[in-house]
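Chains A and B, in that order, give the protein sequences. Heads up, the first sequence is in the working numbering, so the first residue is 1 and it goes up one at a time. Heads up, the second sequence is in the working numbering, so the first residue is 415 and it goes up one at a time.
A couple of the hints might just be wrong.
Under the rule of at most 20 Å between Cα atoms (straight-line distance), these lysine to aspartate or glutamate pairs were calculated in the EDC-like manner [unchecked claim]:
# : chain 1 : residue 1 : chain 2 : residue 2
1 : B       : 489       : A       : 327
2 : A       : 313       : B       : 616
3 : A       : 313       : A       : 409
Worth flagging that the hints you see were computed from the coordinates, not collected in a lab.
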Amino acid sequence: MKFLFDNDTWQEIFESVRKNKMRTIITIIGVMWGIFLLVVLLGAAKGVENKFNNLFGNFATNSVFVWAQSTSKPFKGFQEGKSLTLKISDVDNIRKEIKGLEFVVPRYRTQALVVNNFKTGNFGIFGDYPELDKVEKKELVYGRFINDNDINENKKVCVIEEEIYKQLFDKDEYPIGQYIKINNINYNVIGMYKRSNVGGGGPQGNIHIPFTTFQQVYNMGDRVGWMMITGKPEYNISQIEADVKLLLRNLHKVHPEDERAFGSFNLGEAFAKFMGFLTGMQFLTWFVGIATLIAGVFAIGNILLITVKERTKEIGIRRALGAKPWEVKRQIILESVFLTSVAGALGIISGGFILMIIDTTIGQGEDSVLTNPTVDIPVILIAAVTLVVLGTLIGLIPAQTAVSIKPIEALREE
Amino acid sequence: MIKIEKLHKSYPIGKDSLHVLKGLDLHIKEGEFVSIMGSSGSGKSTLLNIVGLLDVHDEGYYYLNGQLIENLDEKKAAILRNKFLGFIFQSFNLITYKNALENVALPLYYQGMGRKERQKIALQYLDKVGLKDRADHLPSELSGGEKQRVAVARALVTNPKVILADEPTGALDSITSHSVMELLKEINREGMTVFVITHEEDIAEETDRIVRLKDGVIISDEKTNNKNNIKVSV
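Isolated chain B, as found in the complex (with noise of 0.2 Å):
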C-alpha cells in the first residue's frame, strides 16, 4: 500500500539545510496497523506529512497503491488524498463554525457529491463512530474524545486506502485515548491499512507493528503480540 525507497528530505534553515531524513525505507502492506514511534525531531511528522502528500520528499521513492508519486501539482496532489487518505490530527482540525456532520461530510463535498447524499453518507460514518446524535452540534460543544471520534468519521467518509494518524491521543486523557485506539483498531478489523505516529509507547503497543525513527534513520521496526496480528509484515 505504502512503499517508501531510499527517502530523502532536508528542510533549509538559513544558509545551512537540516538532513531530516536519511535514506528512509519502508514497506506498509493493505491492511496493517503500524506505528511510528520516535521522538520529537526524529522525523516521524516529516514521513507522515510525504506519506500524506501534504509535502514532498528530495531523493527517493514514494508508492501510494503502486503508483508512484512524483511531480506532484497541488491539484493531482488535493484529488490523490481526497481518494486514498484519511487524516486524523491531534487537534483535531475540525472547522468551528461547521456541525460534527457537515465537518464529516465536507471530504464528500470536494468529490463533488451532493448535499443530500453526503449528509446521508456522513450520518452513517457519524453512527459508527457512535455519534449519530451528536450531528447538529458544533465542535466546541463535543469533548474532546467526541472531537477526535468526528475526525475519525471524517477520515472514513471517503472510503480511503490509509487512514494517516498524527498523535490521534496527544490532546486526550487515557481512558478517552483508550477508546479512540479502540476505534481504530476496529477499522482496522474491518480491512483499513492504519498509520499511527505517536510517542507514547502505550499507543504503539496498541498496534501491529511498531517503526522506531530516531535522527532520520529506522532503528528498529517490530511486531507487537497483539492478538489481532493476523496479517504477517516483511
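If we strip away everything but chain A, and leave its shape as in the complex, we get (with noise of 0.2 Å):
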C-alpha cells in the first residue's frame, strides 16, 4: 500500500493525465453522467415515493371497502342471480364478530343537481359518519366535518370539497353558513376541504352530508351502500377482508363459497401494487443508471488501451530498467480507478446539486409533483464502491496489455 502515498506514483498519474487532456475529460465526463443519472433517477424515484406516502398519508391504507352484488351460487332454495343489499345490522354484526377492526364505517352515495343561486352542478352526494374523517382523512380549509349530532338530529348539512366551492360559489365569497340546493332541500355549508388525490367520488367533487338525513331524504331504510373496513395496523387486511366477506354471505344466506356475491376492494393490496410498482422503478433506475456507468467505466478502459499503446516505449524502458511486471499493472490500474473516482464524485456532488435545484423548484408545496427528492448515504457508498471495483476490474485490461509487451519490442519502437 505503501506506493499509495508514493510522490511518483502521483506524479506519473498526473503526467499521463495531463498528456491527455481532451481525452481523459471526455472519458471522466461519460463516468461523470451515469453516476449523475444514477443520483438523480434514484432521487427522483425517492421524490415520488416519498409523495405517494403522503398521499395515502391521509387514507388509512389497510383499509378495506366492502359493497353488495347479485349471488353467483344457488344456496337453501334461493336461486343464483338473487340481489343483495347490506344492512344497518350487518355493520354492528361485523363489529362484534371480527377481530382487529379499527372503523366499520357505513356510507352511501348518489348524484344530484346542486344548486347555489344561479350556479349549479351535477356532483356526487356522499352520507357519511364523522369516523369518516379518520379513515380518509380531510384537511378542512374551513369549518368542520360531520359530527355525531348532526347524526342524532338528522341535520340538514354539508361539507364540501374545494372543487364544489370553486363551481358554487363566487370568488372570496366565505362559504361556511350559505345554504345550498340538493335536490331542492337546502343544506348549510359547515366545513369546506381541500381535494385528496385517492378516495372515492368523481373528478367534479364531492358532498359529505350526515349518513342518517341521507337515509332519511332518500328513503334508504336500514339498507347500507357500502362499507369501508379499517383493520388495526397488527393485523392483515386481507385476513379481515376475507372473514368479513364469509360473515356476509352467513348473515345473507348465500353459499360460503359465493365469490361474486360480495365485492370488495382491498386499498392495502393496492398499496401494496403500487409500492411493488415503485420498488420495480427503483429497480429499472439501478439498471439503467448501473448499465450508463458501466459504459461510461469501459471508456476509461478505452482511454487507457490508447494511453497503453502511446506509451509502449515508456513502459518498456521502465521494465528495461526493472520496473517488475506488477509494478507497471498497479500503475495502470491505480490510474484507471483514479479516473473513475474522480469521475464518481464530479457525478454525485452534481447529481446532488441537480437535486437540490428539483427540491426547490417542483419539489415544494401541496401541488409538488415530488417530495424531498432524497438519495441514502449508503446508496451513495454502493455507487462508489462498485464505481471503484469497476475501475479497477477495467484498468485490469489495459493493464494486461501493457505488461504482454515484451520490453524488447516496446524498446524497438521508434
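From these two lone chains plus the hints, build me the complex, please.
What follows is the structure in C-alpha cells.
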C-alpha cells in the first residue's frame, strides 16, 4: 500500500492525465454522466415515493371497501342471481364478530343536482359518519366535518370539497353558513376541505351530508350503500377482508364459496401493488444507472488502452530498468481507479446539486410532483464502491496489455 | 561475468523461421571492455537483448554472474536486470516528462529506495558524468551528448555488474561520440564490465576486445592495442 502515498506514483498519474487532457475530460464526463443519472433518477424515484406516502398518509392504507352484488350460486332454495343489499345490522354484526377492526364506516352515495343561486352542478353526494374523517383524512380549509350531533338530529348540513366551492360560489365568498340546494332541499354548508387525491368520488368533487340525513331524505330504510373497514395496524387486512365476506355470506344466506355475492376493494393490497411498482421503478433506475456507469467505465478502459499503446516505449524503458510487471500493472490500475473516482465524485456532487434544484423548484408545496427527492448515503456509498470495483476491473485490461508487450518490442518501437 | 555456450535464437517469420544466432560461444570476464561488431542483420542486437534479459534464447546456455539463466519469468528478469545490468540505448530512451535527476533515480525507485536517498545517489552519478548543474532539466532541454550522459548515469546508478550499450554513439556526432566513449572507458577503468554493440569501426577500436559477428556466427574475436588493455581476455 506504500506506493499509494508515493509522490512518483501520483506524479505519473498526473503526467499521463495531463498528456491526454481532452480524452481524459471526455471519458470522465462519460462516467460522471452515468453516476449523475443514477443519483438523479434514484432521487426522483425517492421523491415520487415520498409524494405517494404523503398522499396515502391521509388515508388508512390497511382498509377495504365492501359492497353487495348478486349471488352466483343457488343456495338454500334461492336461485342464483339474487341481488343483495347490505343492512345496518350487518355493520353491527361485523363490529361484533370480526377481530382486529379499527373502524367500520357505512356510507351512501348518489348523484344529485346541486344549486346555489344561479350556479348549478351535478355532484356526488355521500352520506357519512364522523369516523370517515379518521379513515380518509379531510384537510379542512374552513369549518368542520360532520359530528355526532349532526347524525343524531338528522341535520341538513353538508361538507363540500374545494372543487365544488369553486363551481358554486363566487371568488372570495365565505361558504360557511351559506345554503346550497341538493335535490331542492336546503343544506347548510358547515365545512370545506382540500381536494384529496385518493378515495371515491368523481373529478367534479364531493359533498358529504350526515349518514342519517341521507337515510331519511333518500328513503334508504335499513339499507347501506357500502362499507369502509379499517384494521388495526397489527392485523392483516386481507384476512379481515376474507372474514368479513364470509360473515356477510352467512348473514345473507349465500353459498359460503360464492365469490361474486359481495364485492370488495382492498386498498392495502392496492397500496402494496403500487409500492411494488415503485420498487420496480427503482430497480429500473438502478439498472439504467449501472448500465450507463458500465458504459462510462468501459470508455475509461478504452482511453487507458490507447494511453498504454502510446506509452509502449516508456513502459519498455521502465521494464528494462527493472520495473516488475506488477509495478507496471498497478500503476495503470491505479490510474483507472483514480479517473473513475474523480468522475464518480463529480457525478455524485452534480447529481446532488440537481436534486437540490429539483427540490427547490418542483419539490415544494402541496401540488408538487415530488417530495424531498433524496438519495440515501448508503446508496451513494454502494454506487461509489461499485465504481471503484469496476474501475479496477476495467483497468486490468490495459494493464494486462501493458505487461504483455515484451520490453524488447517496446524499445524497438521508434 | 557473461558466459554463453552454443546459443541459438530464431524468430518466426510467417510460416518460416529466421535463424539469427547459430550456436554462439562467448565468454566475457569481469572488468572487460568488449565490443560486438557486425552489420545490420548480423544478430548483434539479438545477442544484446538476450544478454540483457530482454529476450529469451532457444537453445544453449547463458550464465550471468555465474547464474544459469533459464525459465525466467518477467518478474525475476526484472529483478536481475535491475540488479546486474545497466542499459544505454542509441536513442537514449529517457522518460520525456521527468527531469535528468528523476530519470537517473528511476532504477532506484524500482529497487524500493526512498525518494530522498535515491535523489542523493542520483545526483552523485550525475556529478560523475559532469551534469550536476543540469539535474533539473528535462531531456528536451539537453543536447544529444548530455542526454546520453544522463543515460550513462542512469545505467550506473544501481551499481550493476555489466553495462550494456546498444549503439551508444549512433545518434551522436563524432566529437560527442568520442566524449561518451571516453566516459565508458573511464567507467571500465574503475572495474565495470562494459559491453558495447556497434557497427562503427572507430568506436569498436576504442574498446579492448572486438568480437565480429556475421550471419549469426562469430567470425573473429581479437584484442585491440589499446594502452589500457591490462586484463587479458581468452
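Do the hints match the structure? See the list:
1. Restraint check for residue 489 of chain B and residue 327 of chain A: satisfied, since their Cα atoms lie roughly 10 Å apart, inside the 20 Å limit.
2. Note on residue 313 of chain A and residue 616 of chain B: the hinted pairing is violated, with a Cα-Cα distance of about 30 Å set against a maximum of 20 Å.
3. Proximity of residue 313 of chain A to residue 409 of chain A is assessed by CA-CA distance (about 8 Å); at most 20 Å being required, the pair is judged to hold.
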